[in-house]
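With the hints as extra help, turn the sequences into a complete structure.
Residue numbers (our numbering), protein chains in the order written: chain Y, 10 to 288; chain G, 10 to 288; chain X, 10 to 288; chain D, 10 to 288; chain A, 10 to 288; chain S, 10 to 288.
One or more of the hints may lead you astray.
Reference listing, derived: stretches of chain Y covered by chain A, where coverage requires no fewer than 3 residues with Cβ under 8 angstroms from a Cβ of chain A [as the list claims (entries may be wrong)]:
#, region
1, 159–166
2, 170–182
3, 198–206
So, partial list: chain D residues that the calculated Cβ filter (under 10 angstroms) puts toward chain G [said to hold, decoys possible]:
#, residue
4, Gly30
5, Ile31
6, Gly32
7, Ile34
If you want the ones that stay clear, here's a sample from chain D, every Cβ over 10 angstroms from chain S, calculated [stated by the list, open to error]:
#, residue
8, Ser72
9, Asn79
10, Met201
11, Arg234
No wet-lab data here; the hints were simulated from the structure. All C-beta atoms in this analysis are idealised placements derived from N, C-alpha and C, irrespective of residue type, glycine included.
One letter stands for each residue in the lines below.
There are 6 protein chains.
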Amino acid sequence: MGEDLILADPPIRVALEEDLGIGDITTDAIIDPGIEGKAVLEARERIVLAGLPVFNRTFNLLSTGIDFENHYKDGQIVPAGGVICHLSGPLCVILKAERTALNFIQRMSGTATLTREYVDRAGSKKVKVLDTRKTAPGLRVFDKYAVRMGGGFNHRFGLYDGILIKDNHISAAGSISKALELARKNAPHNIMLEVETENLGGVEEAVEAGADIILLDNMSHDEIRKAVNMVAGRAMLEVSGGVNLENIGEIARTGVHFISVGALTHSARAVDLGLEVIS
Amino acid sequence: MGEDLILADPPIRVALEEDLGIGDITTDAIIDPGIEGKAVLEARERIVLAGLPVFNRTFNLLSTGIDFENHYKDGQIVPAGGVICHLSGPLCVILKAERTALNFIQRMSGTATLTREYVDRAGSKKVKVLDTRKTAPGLRVFDKYAVRMGGGFNHRFGLYDGILIKDNHISAAGSISKALELARKNAPHNIMLEVETENLGGVEEAVEAGADIILLDNMSHDEIRKAVNMVAGRAMLEVSGGVNLENIGEIARTGVHFISVGALTHSARAVDLGLEVIS
Amino acid sequence: MGEDLILADPPIRVALEEDLGIGDITTDAIIDPGIEGKAVLEARERIVLAGLPVFNRTFNLLSTGIDFENHYKDGQIVPAGGVICHLSGPLCVILKAERTALNFIQRMSGTATLTREYVDRAGSKKVKVLDTRKTAPGLRVFDKYAVRMGGGFNHRFGLYDGILIKDNHISAAGSISKALELARKNAPHNIMLEVETENLGGVEEAVEAGADIILLDNMSHDEIRKAVNMVAGRAMLEVSGGVNLENIGEIARTGVHFISVGALTHSARAVDLGLEVIS
Amino acid sequence: MGEDLILADPPIRVALEEDLGIGDITTDAIIDPGIEGKAVLEARERIVLAGLPVFNRTFNLLSTGIDFENHYKDGQIVPAGGVICHLSGPLCVILKAERTALNFIQRMSGTATLTREYVDRAGSKKVKVLDTRKTAPGLRVFDKYAVRMGGGFNHRFGLYDGILIKDNHISAAGSISKALELARKNAPHNIMLEVETENLGGVEEAVEAGADIILLDNMSHDEIRKAVNMVAGRAMLEVSGGVNLENIGEIARTGVHFISVGALTHSARAVDLGLEVIS
Amino acid sequence: MGEDLILADPPIRVALEEDLGIGDITTDAIIDPGIEGKAVLEARERIVLAGLPVFNRTFNLLSTGIDFENHYKDGQIVPAGGVICHLSGPLCVILKAERTALNFIQRMSGTATLTREYVDRAGSKKVKVLDTRKTAPGLRVFDKYAVRMGGGFNHRFGLYDGILIKDNHISAAGSISKALELARKNAPHNIMLEVETENLGGVEEAVEAGADIILLDNMSHDEIRKAVNMVAGRAMLEVSGGVNLENIGEIARTGVHFISVGALTHSARAVDLGLEVIS
Amino acid sequence: MGEDLILADPPIRVALEEDLGIGDITTDAIIDPGIEGKAVLEARERIVLAGLPVFNRTFNLLSTGIDFENHYKDGQIVPAGGVICHLSGPLCVILKAERTALNFIQRMSGTATLTREYVDRAGSKKVKVLDTRKTAPGLRVFDKYAVRMGGGFNHRFGLYDGILIKDNHISAAGSISKALELARKNAPHNIMLEVETENLGGVEEAVEAGADIILLDNMSHDEIRKAVNMVAGRAMLEVSGGVNLENIGEIARTGVHFISVGALTHSARAVDLGLEVIS
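Here it is, written out as structure tokens:
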């Protein structure tokens, strides 16, 4: 969300057009376009900030006449009542872009805040908390960025930049080892081979067939511990399924490398931020 | 989401491209394109269904070769374990569109299910539960459709199709009555005039100045009851702010016409649906 | 057409590309890109100006190197021979954007000028002259803006921001009152209910069923007067059909609230403006 | 507008989206999506038809479920009261696409009808009536097609497919002959060299410098006749400026090859067509 | 290029519009749209075929009325004189899409043919011939597909799906091991770490710091052999720089795993294919 | 590629998005966004430069923070080792746009360099070396611009701005003269009539029927000389087919006006340019 922000303009523009349509009929009827205004963006609860450059950019796509003074950076914790940014410029522009800008930053900070909670509960720097592809359609770049701001890490971005051999691939190929063989032969040479399995037999087969990463899907904590012992460092291990804030600490202590959590992106709530016009 | 679905194709296409990028490197490496498959979409919890036509369309945008047998319609309740739809066609197409299609229908059904809960708790057909503009950027058409499927009603779609005079408009105009006068003069003649206020004095001024709808923002239940009595049918009343599943019933019983709930769209969680490949 | 102009860029860009294609082969062959030029935009007849920001923006989308000195604002009357604006910058840019920029401003000023004529002939500030949806495909935002600049008002922008119950809706519903009932139940709560009818019986039924606005379609002046008396302020009245510059004054004097005129946008002629390169 | 119609889809889609936005709130509230309807498109005045394939395509972009029986082809004269086409399919689709489809065909037939009038008044098959680049922004392909349907011919489509040396080019180059020399050297070899001039001296210079076509701009009929005699077949001659239905016949009889008329596209009115739902 | 072909439509459409613009003025002037035609696509030299589905799709984007009988599949060798496909449908459609369709298939087959030559000269199934990111802007998906059809393999598709640590990254980080450490910490966990180096010291440092793949840039064959011995299977090795048809065999015999060749995509010539209209 | 560059932004943006996708995972992992860098673009072989404005623009579309000092202009010869431009700005932006920018300028300079070679070998200013429509799909505007920079001239840009009557048109029309008659009647009046033929009989028929240009396709040098004598200035002559660097001089000496060479655009190789980060 630095210089790459330029490439993120299209979805921001779509969102502005979605809200503005042919214009803000209330503001256009009541407020003189010449009036200048100031506003302040505040956190009404403790959050991990994510999306401030997107918030800024939303206003500036509508008018380059809005100036910002940002007091925090993405990834930082803002306490309840903390002032995130001051903005100034034509009042009607502030009012027209307000809701769209907030919709971005409230969602993104919601995801970052939830991610941070999972990361803190995991309690170890040795394990990486990963997201999934369970994101809002068309908004994956924002959702995954927010996960990073919360201290999480991104799993593959899409079907194109990661190999994950699932049950359907395995049954089509005939076996785990046969599926791995096909992937090694046909898939890009620079991407690790990850296999998903629900039982320890699968773990054994995968590690022997040379999997780089094994995804332990919906296994009990006991099975996870057995898998860690069985693999003994010959492959990296990822846990998914049934992970929540209560059990992530225990899972992390099993010694797996990665824990992936769909809820980070598919069920985060918007955090409470407010934009107040001042003076 | 009937014939208008054609106009919803662009965001679905964006979402497919976001996930597929230059291809599904796992499936392309392992699964022969000629293999046919069947799959079943099941509810793993009790839901109000929303987004089945979008789910169907996602597969068909990738290939017209996928056929569907739908067993429910949007707006219906699907019990835990209920089979929503059977699909058949090339296995690789099913696998490639699966996640994108699920991301749509899980979000949409999540919103519909939460909306239904609010509507049921409101407990009266006389009050309409409304959504807000606090939607996922670029996905408003899907979010608002889901609210309707859950038994809620849509507030204005954007800034262009509703007049809502807020505090900033009022202070720029000088007073509620002055703001209403400007709106009556300049805004479209066929759209009702709604004013937002936080106190009973504002309610009195708004109703006297001819507001059609008054939005009672963050008032106590006691104040709401006083506002209902004071207005006595001269304007419609809407409540917003601090509404939750616990208090919506009591608010509904005050006799207001509308209760708007941002959480319907900004904080619904994805419901648990599963797509299983069979045979 | 203020800060919203940014959102109007796509149609301007389409128009530029339509005219320029792969380049201006005459200018590129003959004129050195380094030559600077000045030009003046003049009115060759008395007009109501509309579209000057679009005119300016057209040049600036091609090159930010063109500067403008605008002598009038949209909505003002420019006498025959009046100088609307001076522009200066690379001569080749002026020549390349000239026709596209003129096509916008000549159409828009044509619509504004015709609208002003209808408004003047209506002769009363109590009646609002409205446009319709009979606009040039893809150019509605420009056409409706021009109507406002001419002193007219906009009817609904599209099918999405206004309710207009026509004969086909009525016959599908069974009756005017049944149609109104369905609209009240299903349509957005903040948009007024307008019903179109061709006879006084329909007016009576509509007003009794609670229509907010009644559209008197193709009625004689005598019938219009009867409708005004019959309704007696219980609903707003709009006249459409067969309105022209000769009869709009008489229609206005009947006391209706709105007169809608398709010709404002579907049959306005381009006004005569000239861009002269000077020195 | 045959197989090329596929390439014309984008502007039709833009126009549909412009009118439909997020949906037809009247029709969606009142009419059951399952109801089938039939409708008839009639001419309410004598017209030259243009745009029937676009009219058809507009409905079909919204739904492939609309069927048509066309009774005329573009370019034919339809008498007042003539039935142009029958259509059948879901009533709500008919109502939703109606206005957009009519806006296209009424404009296009308006241009074709006016063009035919100019062609008929010109009175000779030896002279070609041409259009100009004075078209509605973004709709040139439709406007120019309509001119052809009215019996006119298209001048260059844009700046890229025709050479027209105007006063600014001439003064930048130094003289007509110098401008022609530059164009012959630098411009595409397969496009004829046309020069615009306002006086007989310019005609003489242009023909001697080898212009293929000379545009006589705003000359009197007497001057035009002198130019025809002077050139004596050494170049083709085009007349523009001040052409109207009254004088085009006399201009045609001077023996020039082309008469170009901006009014064909910038000031044609929409013809009166009606779509009636039947049964 | 199977079901994914739908996602490749946008560039094909851009190419068609680029060539067709507002129409084929030669064909439209001369050929009756009702005339049917047949044509045959032939190879005028021995080629490896790539792009036949794109060739087919180009015609069908213009009209669904063109039928094909394909006699080869992508990846097969077509001898000089071989008939690749028969097509039939409206003659004017065949002529209008011909050049665009040929431009795709001639480029793609050119790349496939050149790739096959490199693969054959490499002479061993143990070494994979890779492409690079040196592709025609906007056409990478076609270029990389063609490489696969020629028996080559794709290196990373873009900057987003592969890690390649180059000299600038190394100097910014301070050393190879420091750069690897940062990548291991920050970059996606499922993508292998590749380091580029120009000397044996770098190879040693990279392999000790845990690089998965080492790119030997512009090394002599002797140095390459030394690197293979030094690494002894602890990392995979890739060679790039100065590879040509003459020396690829010798490079392959050094025992490296990958040889990447920019020329496959940046300097392949179009092969000679002809489309002949028959009967 | 001057002020028109703005209109060329869409393909540059597509190319950037193609390479960057969701980000440069190597650079983002290793390089601090705050680091500034400088780089130099050098020619590693003697070239004719084409595409420097596109090279510059590619970086600036990603970030306006990159500054350039250009030492050559398009169309100039740069010797091996010549420094084309210095650039400075954020190092990560330089690295992210580098490959895309190089892909444009290397292809374009490759085409310009090859064109110059053909032009030099033709050896006469009287004959124009023309390109064809055999360009990379979607990149025609860049390819044809590069030809002009190399001293060549552009044949028609697409099917819409030139008339070229080929064998299929002739056989559909019945004869060369019949085809010319149809084109003269129906095609734009300002575009010359060109006919392609493979034999001297066709040349004779074409010139007698009034063709402006005759394309001699795949004729022997002897036949070409006979055609020149036979036509004796009554039409312009173009040669195509089998032209290469060895024979273009002899063809030029026959006295034809144009020689068109598909290889200029369909088979030019990328020239060797390097971007080195300095200090």
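Hint check results:
Against chain A, the region 159–166 of chain Y contributes 5 residues with a C-beta closer than 8 angstroms to a partner C-beta. That satisfies the three-residue criterion, and the hint holds. Restraint check on the region 170–182 of chain Y versus chain A: 3 residues with Cβ-Cβ distances below 8 angstroms, three needed, restraint holds. With 5 residues having a beta carbon nearer than 8 angstroms to a beta carbon of chain A, the region 198–206 of chain Y meets the requirement of three or more and the stated coverage holds. Annotation: interface hint on Gly30 (chain D) holds; nearest CB of chain G at approximately 8 angstroms, less than 10 angstroms.
Given the 10 angstroms rule on beta carbons, the hint for Ile31 (chain D) holds: about 5 angstroms separates it from the nearest Cβ of chain G. For Gly32 (chain D), the shortest C-beta to C-beta distance to chain G is roughly 6 angstroms, which falls under 10 angstroms, so the interface hint holds. Because the closest C-beta pair between Ile34 (chain D) and chain G is about 9 angstroms apart, less than 10 angstroms, the hint holds. Even its closest Cβ contact with chain S, about 31 angstroms, leaves Ser72 (chain D) beyond 10 angstroms, as expected for a residue assigned away from the interface.
Here Asn79 (chain D) stays apart from chain S, with its beta-carbon at least about 24 angstroms from theirs, past the 10 angstroms limit. Taking the minimum C-beta to C-beta distance to chain S, about 5 angstroms, the non-interface status of Met201 (chain D) is violated against the 10 angstroms cut. No Cβ of chain S comes within 10 angstroms of the Cβ of Arg234 (chain D); the nearest lies about 21 angstroms off, and the non-interface call holds.
Hint check: a violation occurs at hint 10 only; the rest are consistent with the structure.
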